[in-house]
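Asker: All chains, full assembly: derive it from the sequences and hints.
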Amino acid sequence: MIQFIDFLKERGREVRYIIYGTMAAIVIWSMTVDTSHAHTWVEKYIPGFWAIFGLASCTVLIFFARWFGSAGIEREEDYYDE
Amino acid sequence: MTNSFFHPSLLLICGGLLLPFIKEPFRKPYLLLVPILTFVDVVYLGFNQGIYGEVAFLDWQLTFGRIDGLSNVFAFIMALMAILATLYSLQVEDFWQQMAAWFYVAGSIGAIYAGDYLSLFLFWEIMAFASTFLVWCNRDEKEATAAGFRYLLVHTFGGLLLLSGFVLRYQATGSIAFELLDYETHTAYNWLIMSGLMLNAAVVPLHSWLPDAYSKATIGGAVFMCAFTTKTAVYTLARACAGFDILIVLGVAMAIYGIVYAIIENDIRRLLGWEIISQVGYMVAGVGIGTALAINGAAAHAFAHILYKGLLFMGAGAVIQMTGKSRFTELGGLYKKMPVTMLFIIIGGVSVSAFPFFSGFVSKSIIIAASYEEHLLWAGFLLTMVSAGTFLVAGLRLPWLIFFCEPNSAEVVERAADPPWNMQAAMIVAGLLCFLLGALYPLLYSMLPYQDALYHPYSAYHLSETLQILAFTALGFIFFRNRLVARPIINLDLDWFYRRGGQAFQWLAKYPIQWLDTIWGKAYRVVGLLSLMTTARFSAWFDWHGIDGFLDGSARGVRSLGRLVARVLQRGQIQHTLAYTVTFVALVLIAFIWM
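Note that the protein sequences, when read in sequence, are chains A and B. The working numbering puts the first residue of the first sequence at 889, with every later residue one more than the last. The working numbering puts the first residue of the second sequence at 10, with every later residue one more than the last.
Be careful, since some hints might not be right.
What the hints assert, rightly or not - A short, non-exhaustive set of chain B residues, derived as facing chain A with CB atoms under 10 Å:
#1 Val258
#2 Tyr270
#3 His384
#4 Met456
#5 Arg492
#6 Leu501
#7 Arg509
#8 Gly510
Bear in mind the hints are in silico, worked out from the structure with no lab data behind them. We treat Cβ as the ideally placed atom computed from N, Cα and C, and that holds for glycine.
Answerer: Structure (structure tokens):
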């Protein structure tokens, strides 16, 4: 297993292409799936809606968390020690 | 029927009391035997559901064994987790830890089986006190004592909320039965009971105790703690507060709040603690929705959550035990040295992120589906957003920072290795169960309380939705991972108020009040003491030689007995005093149930 991870680490570019390929395959497959049971119209009429939603929500969370952290709650690690 | 009932908590309490007297080579088998027997008892009761252990106590009817669909599924997973967590901490020599852990589990199962507020409160407090010892037993962490006191104080406060709530309710309705509260009446006691239960579920804003205490507990203690307190509270909320609209808002809020803090956290177990808050948010929201499907979802998610979060805490504990470090800024690059731990942290991570064929996939989606079904679109979309964040934190950030990013310290990597066999065995079993639940989901669904409202997770649409979210969250991680690196900071939270508030009080006590006390003491010594001492000396002499001599020296006898008691029981360590008190309460409890 360790060797396998080293193998993957050495080929970062190929691994990345495989990941992008999988993503594309997932989105293309999602367009063929029956959406008649979807909850809202956005899911029915925007192709790959959940892909956009996933990317958007993780971006929003990362940036919000970093903004929230730097907005005044960060302290040095020995803050409570004195 | 009543005579076939033996309370599982009693097994654990008696087993814990006997534990100090069991020596090797019987100790390890005994340690496994007691939770296994408890589990067998719980399974047996699950097949023979009903009301057991009804005891008349003063004017009240106490019910120690209400076993129905809802309590059974929670008790089952608690008893199962007790076996796994005990296996994980098998090599711990300090029997106080295992004893405290078993008392803690006993409190949890007892609270789940309780049918009235009085016995619920009793087990609730056992749970709070016993788990505090799991923090105090951590001798490697110098802050553990203070963190334990904070934990205990917060939980005592929560217990008081619950107590005042059900006492007021008893006064108003004349009943102590632990049943669904009436949401429409908007009485103070409903809110008090709900707040007391919410504190244990770590609902925002009553949540700060959780990352604080769990990150300071012993390695095995944290594995116990991550399972029992919050999920027992979810059960009690599902019992008493199902359908309370406000819980939907609070649940979604804590799901978001927890994940935001987890993204910027630097300590492994604090990160996992924040994620517990986030995941329990789903369950609390499910309880708030309150339909049969949503309650099923809350129960299923609690079940799955206990296993994968236990697994993650086991992996985190293994890393901390083998490297001695708990901050991401001191770890990194461990995959070569701890491959087994890495594999199981990743399995825990993909389970919590709801990968298909892992447990989160079949449980989390029930709650989201229930919120769509009730046309709570905002809740459904926000919870889906948080599940992207969950994958980001537990599936990607956590393993990346521990195992794959550039090592922060070559010396730590040198020291690291996979943990002892029993810790690995516990991780293997927990990991397998995470996979089994996801792949063979009818196993889990057949235990849920409402069998007529089941969900079908493996539809093509749900699969495509989940895969898209996971894949594009991974893409987001590849883009922005430089913003997710660990930094050596802590993030303030609402515990600031009582930690800094406590320091302000200490200052007040130390300076102005102490000064007044000193002045007063001086004045007293000069003016009052001299005359008082003279009279006292005379009367003591008279008492000792005159009266006690007359009464056959009984005062001397009492005094020497008192000294003995003080030497044994009052060693000036509040931990010991509390341990004796809790043991005493447990003994009284046993006496009551057997009477």
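Asker: Now tell me, hint by hint, if it's right for this structure.
Answerer: Status of each hint after checking the structure:
1. Hint on B/Val258 is violated. Least Cβ distance to chain A is approximately 19 Å, over the 10 Å limit.
2. Because the beta carbon of B/Tyr270 sits about 8 Å from the nearest beta carbon in chain A, less than 10 Å, this interface hint is met.
3. Interface hint status for B/His384: upheld, as the beta-carbon distance to the closest one in chain A is roughly 9 Å, under 10 Å.
4. Nearest Cβ of chain A to the Cβ of B/Met456: about 26 Å, over the 10 Å cut. The hint is violated.
5. The interface hint given for B/Arg492 is met, as the beta carbon of that residue sits about 6 Å from the closest beta carbon of chain A, less than 10 Å.
6. Because the smallest distance between the Cβ of B/Leu501 and any Cβ of chain A comes to about 4 Å, under 10 Å, the interface hint for this residue holds.
7. A hinted interface residue such as B/Arg509 counts as satisfied when its beta carbon comes closer than 10 Å to some beta carbon of chain A; here the least separation is about 8 Å, so the hint holds.
8. A cut of 10 Å between beta carbons decides the hint on B/Gly510: the least distance to chain A is about 12 Å, and the hint is violated.
Violated hints, in rising order: 1, 4 and 8; the structure is consistent with all others.
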